[in-house]
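Colleague: Take the sequences, apply the hints, and build the full model.
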Amino acid sequence: MFGYSLGARITDKLMLEKSRCHVQKDIFKFVCRELWQLFFQKQADRLQTNKKGGYIIFEEASPWLKRLLPYEGMDSGKVPLINVKCGNDAATLLSEKEKKRTASFGNSADAQAALICGIIRGALTILGCPCLVSYDLENPPSCSFHALVIS
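Numbering (our numbering), first residue to last: -4 to 146.
For the record, the hints were derived by calculation from the structure and aren't laboratory data.
Hints are not guaranteed to be accurate.
Simulated crosslink set (EDC-like; lysine to aspartate or glutamate; CA at most 16 Å straight-line) [to be verified]:
hint	residue 1	residue 2
1	Lys37	Glu55
2	Lys24	Asp40
3	Lys8	Glu29
4	Lys13	Glu29
Across the chosen pairs, the derived CB separations fall in these ranges [said to hold, decoys possible]:
hint	residue 1	residue 2	range
5	Phe(-3)	Ile145	15 to 21 Å
6	Asn134	Glu12	35 to 41 Å
7	Arg15	Asn134	34 to 40 Å
8	Lys46	Arg4	29 to 35 Å
Predicted model, so just to flag it, every value in this text is computed and none were measured.
No residue lacks a Cβ here, since even glycine has one placed at the ideal position from N, Cα and C.
Modeller: Written out as structure tokens, the structure is:
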């Protein structure tokens, strides 16, 4: 998974200056505060647990994904929905020119979100909390990252 080694190496360097966290919740807080600050110059918008014993990191306006929005003058009601499972179904509503833009945005957004997933996974592994990490892009540039702890 790309981004994994980047997340692992950066976290290893960050941990030289800080004491190690051993509580799972503190590890995720570290990722949402310190790692997010390093990559996005801000903290993650929200961290919450789910009923399956995992964590969800919410990013309302990811700076990396925000830069990918190429729509000048495009009606905001036509912004495509992108989901890791279902692909880009909204393209059928758009003109030919907009379809091409939508396709390139979808691929770029998926690549950026996958990179962030890899970074999160690498960081969590180095911190002693190996996880499976996935993402959900329902309304770019908003994104959520789902981490399921491997026990």
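Colleague: State for each hint whether it applies.
Modeller: Each hint, compared with the structure:
Between lysine 37 and glutamate 55 the alpha-carbon distance is near 12 Å, which keeps this suggested pair within the 16 Å criterion. As the CA atoms of lysine 24 and aspartate 40 are separated by approximately 11 Å, the hinted pair is consistent with the 16 Å bound. Restraint check: the Cα-Cα separation between lysine 8 and glutamate 29 comes to about 12 Å, which is no more than 16 Å; the hinted pair holds. Taking the CA atoms of lysine 13 and glutamate 29, the gap is about 11 Å. The hint holds against a cut of 16 Å.
For the pair phenylalanine -3 and isoleucine 145, the supplied restraint of 15 to 21 Å holds, since their beta-carbon distance comes to about 20 Å. For asparagine 134 and glutamate 12, the Cβ-Cβ distance of about 36 Å falls inside the hinted range of 35 to 41 Å, so the restraint holds. Checked against the hint of 34 to 40 Å, the pair arginine 15 and asparagine 134 passes, with Cβ atoms roughly 36 Å apart. Remark: the range hint 29 to 35 Å for lysine 46 to arginine 4 is upheld by a beta-carbon distance near 33 Å.
In summary, this structure violates none of the numbered hints.
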